[in-house]
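Q: Each chain is listed here by its residues.
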Amino acid sequence: MKHLLTCQALSRDDAELILDSAQQMAEAVRGREVPKLPTLRGRTVVNLFFEDSTRTRTSFETAAKRLSADVVNFAAKSSSLSKGESLRDTALTLQAMGADAVVVRHGASGAPQQLTRWLDGAVLNAGDGTHAHPTQALLDAFTIRQRLGEVEGKTVTIVGDILHSRVARSNVWLLSTLGARVRLVAPPTLLPVAAQKWPVDISYDLDSALSDTDAIMMLRVQHERMRDSFFPSVREYARMYGLTAAREARLPGHAIVMHPGPMNRGMEIASSVADSPRSTITEQVTNGVWVRMAVLYLLLTSDSTSNTLHGTGTEARS
Amino acid sequence: MKHLLTCQALSRDDAELILDSAQQMAEAVRGREVPKLPTLRGRTVVNLFFEDSTRTRTSFETAAKRLSADVVNFAAKSSSLSKGESLRDTALTLQAMGADAVVVRHGASGAPQQLTRWLDGAVLNAGDGTHAHPTQALLDAFTIRQRLGEVEGKTVTIVGDILHSRVARSNVWLLSTLGARVRLVAPPTLLPVAAQKWPVDISYDLDSALSDTDAIMMLRVQHERMRDSFFPSVREYARMYGLTAAREARLPGHAIVMHPGPMNRGMEIASSVADSPRSTITEQVTNGVWVRMAVLYLLLTSDSTSNTLHGTGTEARS
Amino acid sequence: MKHLLTCQALSRDDAELILDSAQQMAEAVRGREVPKLPTLRGRTVVNLFFEDSTRTRTSFETAAKRLSADVVNFAAKSSSLSKGESLRDTALTLQAMGADAVVVRHGASGAPQQLTRWLDGAVLNAGDGTHAHPTQALLDAFTIRQRLGEVEGKTVTIVGDILHSRVARSNVWLLSTLGARVRLVAPPTLLPVAAQKWPVDISYDLDSALSDTDAIMMLRVQHERMRDSFFPSVREYARMYGLTAAREARLPGHAIVMHPGPMNRGMEIASSVADSPRSTITEQVTNGVWVRMAVLYLLLTSDSTSNTLHGTGTEARS
Numbered sequence: 000m001k002h003l004l005t006c007q008a009l010s011r012d013d014a015e016l017i018l019d020s021a022q023q024m025a026e027a028v029r030g031r032e033v034p035k036l037p038t039l040r041g042r043t044v045v046n047l048f049f050e051d052s053t054r055t056r057t058s059f060e061t062a063a064k065r066l067s068a069d070v071v072n073f074a075a076k077s078s079s080l081s082k083g084e085s086l087r088d089t090a091l092t093l094q095a096m097g098a099d100a101v102v103v104r105h106g107a108s109g110a111p112q113q114l115t116r117w118l119d120g121a122v123l124n125a126g127d128g129t130h131a132h133p134t135q136a137l138l139d140a141f142t143i144r145q146r147l148g149e150v151e152g153k154t155v156t157i158v159g160d161i162l163h164s165r166v167a168r169s170n171v172w173l174l175s176t177l178g179a180r181v182r183l184v185a186p187p188t189l190l191p192v193a194a195q196k197w198p199v200d201i202s203y204d205l206d207s208a209l210s211d212t213d214a215i216m217m218l219r220v221q222h223e224r225m226r227d228s229f230f231p232s233v234r235e236y237a238r239m240y241g242l243t244a245a246r247e248a249r250l251p252g253h254a255i256v257m258h259p260g261p262m263n264r265g266m267e268i269a270s271s272v273a274d275s276p277r278s279t280i281t282e283q284v285t286n287g288v289w290v291r292m293a294v295l296y297l298l299l300t301s302d303s304t305s306n307t308l309h310g311t312g313t314e315a316r317s
Numbered sequence: 000m001k002h003l004l005t006c007q008a009l010s011r012d013d014a015e016l017i018l019d020s021a022q023q024m025a026e027a028v029r030g031r032e033v034p035k036l037p038t039l040r041g042r043t044v045v046n047l048f049f050e051d052s053t054r055t056r057t058s059f060e061t062a063a064k065r066l067s068a069d070v071v072n073f074a075a076k077s078s079s080l081s082k083g084e085s086l087r088d089t090a091l092t093l094q095a096m097g098a099d100a101v102v103v104r105h106g107a108s109g110a111p112q113q114l115t116r117w118l119d120g121a122v123l124n125a126g127d128g129t130h131a132h133p134t135q136a137l138l139d140a141f142t143i144r145q146r147l148g149e150v151e152g153k154t155v156t157i158v159g160d161i162l163h164s165r166v167a168r169s170n171v172w173l174l175s176t177l178g179a180r181v182r183l184v185a186p187p188t189l190l191p192v193a194a195q196k197w198p199v200d201i202s203y204d205l206d207s208a209l210s211d212t213d214a215i216m217m218l219r220v221q222h223e224r225m226r227d228s229f230f231p232s233v234r235e236y237a238r239m240y241g242l243t244a245a246r247e248a249r250l251p252g253h254a255i256v257m258h259p260g261p262m263n264r265g266m267e268i269a270s271s272v273a274d275s276p277r278s279t280i281t282e283q284v285t286n287g288v289w290v291r292m293a294v295l296y297l298l299l300t301s302d303s304t305s306n307t308l309h310g311t312g313t314e315a316r317s
Numbered sequence: 000m001k002h003l004l005t006c007q008a009l010s011r012d013d014a015e016l017i018l019d020s021a022q023q024m025a026e027a028v029r030g031r032e033v034p035k036l037p038t039l040r041g042r043t044v045v046n047l048f049f050e051d052s053t054r055t056r057t058s059f060e061t062a063a064k065r066l067s068a069d070v071v072n073f074a075a076k077s078s079s080l081s082k083g084e085s086l087r088d089t090a091l092t093l094q095a096m097g098a099d100a101v102v103v104r105h106g107a108s109g110a111p112q113q114l115t116r117w118l119d120g121a122v123l124n125a126g127d128g129t130h131a132h133p134t135q136a137l138l139d140a141f142t143i144r145q146r147l148g149e150v151e152g153k154t155v156t157i158v159g160d161i162l163h164s165r166v167a168r169s170n171v172w173l174l175s176t177l178g179a180r181v182r183l184v185a186p187p188t189l190l191p192v193a194a195q196k197w198p199v200d201i202s203y204d205l206d207s208a209l210s211d212t213d214a215i216m217m218l219r220v221q222h223e224r225m226r227d228s229f230f231p232s233v234r235e236y237a238r239m240y241g242l243t244a245a246r247e248a249r250l251p252g253h254a255i256v257m258h259p260g261p262m263n264r265g266m267e268i269a270s271s272v273a274d275s276p277r278s279t280i281t282e283q284v285t286n287g288v289w290v291r292m293a294v295l296y297l298l299l300t301s302d303s304t305s306n307t308l309h310g311t312g313t314e315a316r317s
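Residue numbers (numbering that gives the first Met the number 0), protein chains in the order written: chain A, 0 to 317; chain B, 0 to 317; chain C, 0 to 317.
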């Protein structure tokens with residue numbers, strides 16, 4: 000594993016190695032007086048964000064600094080890219096400056112994959128178009144494991160705008176790889192045609208999907224979509240696909256409520272549900288730092304990637 | 000002392016502890032070959048700025064780095080807050096990422112107080128609305144002490160747009176707590192009604208306030224206010240409330256001239272006065288770093304807050 | 000050498016000291032497990048950029064961090080400068096905060112020179128108006144030396160918009176100081192009148208300048224200039240002054256192709272030429288980090304500047 004681009008390309012062994020490493024990160028940092036590991040001292044991690052995302056950028060920045068790496072924020076908007084430089088030339092520039100890892104968010108699906116053609120360093124996809132957001136899915140899986148013991152055999156219901164959601168896509172692939180049963184619930188206009196071929200169950204009715212759900216994942220409604228014809232009205236959406244207190248009460252006692260944030264309280268999720276003991280929303284943020292530390296560690300420590308990671312992978316498969 | 004929100008809530012003991020600690024910071028850093036203390040290694044300080052202020056943000060960033068903390072700049076404008084996230088959810092996110100301290104600037108008075116409801120870490124108010132800017136007042140008091148020996152018994156005259164000034168409010172409370180006599184000089188339109196109840200003298204005439212002043216503090220004229228009806232014309236304002244060379248000559252020989260910056264030279268202060276030996280303007284900037292180091296140190300070092308700070312406080316009061 | 004403002008003011012000894020130090024930086028960093036030197040621990044480097052330039056800012060930031068300095072990015076656009084603060088007061092503020100070095104980019108020629116009047120710390124010019132960009136010329140000279148053995152006696156052809164190019168100006172002075180023969184090739188409208196007095200040959204015909212060139216440096220066409228009357232059409236410019244594959248074939252076998260980036264592929268340089276083995280474009284980026292490390296080191300390490308630098312300089316001249 001040299002890059003982290005999608006969850007679809009991740010073997011079960013690799014995924015579990017990341018989750019186990021994240022667990023080790025959490026324990027290592029929590030046990031130290033100075034909550035910081037020297038692992039990546041002198042390494043440079045570049046945050047290359049073509050779309051604003053202070054939350055995700057901050058999470059990666061915190062993860063890299065906890066591993067003692069140097070972090071350079073390369074805001075692509077104000078960069079020479081606005082002067083017409085190509086993605087390839089930007090990649091070659093970062094490479095030449097000595098970037099050991101590039102964390103990239105881009106509006107075009109596939110841009111991180113493109114970057115790997117030009118960079119010797121590791122590429123970490125922090126969200127590309129409607130394609131993938133692998134560290135989000137990994138932190139979600141970590142959270143399910145933490146709360147429910149394991150992912151295998153759990154029923155995870157993902158609700159909302161599947162069509163435009165890279166979070167949903169990454170979760171579909173990762174969770175099914177890890178042995179979960181994944182169910183998508185969405186209005187027909189917000190389900191991609193391709194979902195028919197994914198390893199998922201599909202439903203248009205949230206109410207019938209509650210009673211056997213172990214983890215329910217509410218996707219963010221993006222306001223800019225509301226103006227399109229994809230959506231019914233706000234009130235209508237909340238009524239049909241929002242996780243209200245009444246619906247929450249019909250989940251099994253052990254079920255957890257997840258949201259990748261930022262939330263629209265009162266829209267896809269009722270405020271009381273977001274703040275209930277079932278909610279894992281802030282734990283997801285915390286776990287995001289551990290998962291990103293684990294990925295940076297595994298991708299940037301050559302021994303760990305060539306030996307441990309693929310070694311374990313091959314062994315387990317043979 | 001867990002947070003630093005206002006100067007009004009600061010006891011004299013706490014204020015003096017901060018000023019003494021700032022003095023120690025200045026001496027500790029100046030005496031070292033590597034001008035940096037290891038005190039906050041591994042701690043994360045988040046700058047959460049909803050209003051641009053490169054000066055204040057840079058001062059806090061420098062202070063945190065001199066204490067070896069990791070600093071994350073969370074520019075609230077480009078963050079998910081613009082996607083409708085609430086202040087509370089942003090706070091919970093920073094908390095979950097492991098922020099040990101949040102330095103916040105916000106356009107709404109009281110926002111930092113709100114943050115303390117949701118954050119376990121320390122909240123440092125870097126300016127909220129027209130309410131408070133406590134580290135500014137602390138660095139002003141530090142500067143007065145440095146130049147005039149002590150704050151107790153000094154007459155401090157604050158001149159200008161008191162109505163909109165959080166700097167003035169924080170100074171009123173801190174300086175009177177420390178035993179100074181505070182006088183406000185402003186046009187009637189720029190004095191809040193509440194000032195009648197503050198521990199201050201009020202005057203509308205700058206010329207009569209000069210001869211017994213030990214420290215004169217000129218507030219910045221905010222150009223955007225000039226368009227409102229608060230202000231007379233620029234020329235009229237400078238003539239009536241500007242610190243001209245002629246007025247400066249009428250101050251006592253030992254008196255100092257202060258300004259929180261950035262200045263409008265030729266408006267509230269003549270350029271020659273800003274550059275005169277009386278002027279403490281650049282010293283105030285330097286002292287800002289020491290004071291912010293002291294506050295970060297006191298709030299983030301649990302022993303110092305529970306024992307030293309409140310210990311000393313209680314002791315001195317008993 | 001206290002500041003680095005222009006290449007015109009740089010003696011040959013100082014220039015060679017910088018290039019030699021850059022070579023040492025490259026070797027020192029490459030040989031270390033942790034690719035970082037402790038040299039500037041505790042020092043603060045401020046990036047004061049009045050014009051966006053993510054590439055140059057990132058290069059300086061990387062260089063400073065590899066020397067273990069703390070870096071503060073002071074984005075002048077969002078700072079109090081937009082509130083009307085003068086350059087001088089900004090300088091005094093940075094000085095008072097304890098900046099050991101200020102890296103400045105400014106749209107006005109001479110702004111870095113102005114800054115030296117108010118700052119005790121070192122000023123590094125990262126590009127001012129159409130005046131100078133000394134670290135760019137130094138990294139270019141470093142690259143020529145690396146590829147061709149030495150600068151002395153080489154013929155360097157600089158092609159394009161000389162009129163608006165600080166890169167060209169700095170290269171003219173540095174390369175001629177180092178003993179190269181410099182030739183400028185440009186349309187008459189894009190050559191400054193002053194160039195008649197520079198130590199250069201001037202030509203309007205690119206084709207006749209190829210056969211004896213050791214290094215050809217293609218300047219970026221700035222799209223915003225194309226709207227002015229300086230330029231012929233895009234196609235016409237590329238045909239007359241672009242480095243096409245056909246022209247590249249007529250360069251001597253050992254000649255190298257340089258570009259300061261970001262490139263307009265297909266405009267001033269054909270894409271195949273930019274990617275050919277002759278091209279040093281990504282090496283230039285890498286060398287930029289070594290050169291900037293060397294300059295920061297020489298300017299911030301007092302012993303090295305007072306003894307080594309001027310010592311060597313004087314000695315060699317006597």
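The reader is advised that the hints may include incorrect statements.
Stated by the list, open to error - With a straight-line Cα cutoff of 25 Å, these simulated BS3-like cross-link-like pairs (lysine-lysine) come out: (1) A/Lys1 - A/Lys35; (2) A/Lys35 - B/Lys1; (3) C/Lys64 - B/Lys196; (4) A/Lys64 - C/Lys64; (5) C/Lys35 - C/Lys64; (6) B/Lys35 - C/Lys196; (7) C/Lys35 - A/Lys1; (8) A/Lys1 - A/Lys64; (9) A/Lys35 - B/Lys35; (10) A/Lys64 - B/Lys196; (11) C/Lys1 - A/Lys35; (12) A/Lys35 - C/Lys196; (13) B/Lys1 - B/Lys35; (14) A/Lys64 - C/Lys35; (15) A/Lys35 - A/Lys64.
Everything labelled a hint here was simulated from the structure, so no lab data went into it.
Q: Taking each numbered hint in turn, which are not upheld by the structure, reported in ascending numerical order?
A: 3, 6, 10, 11 and 12
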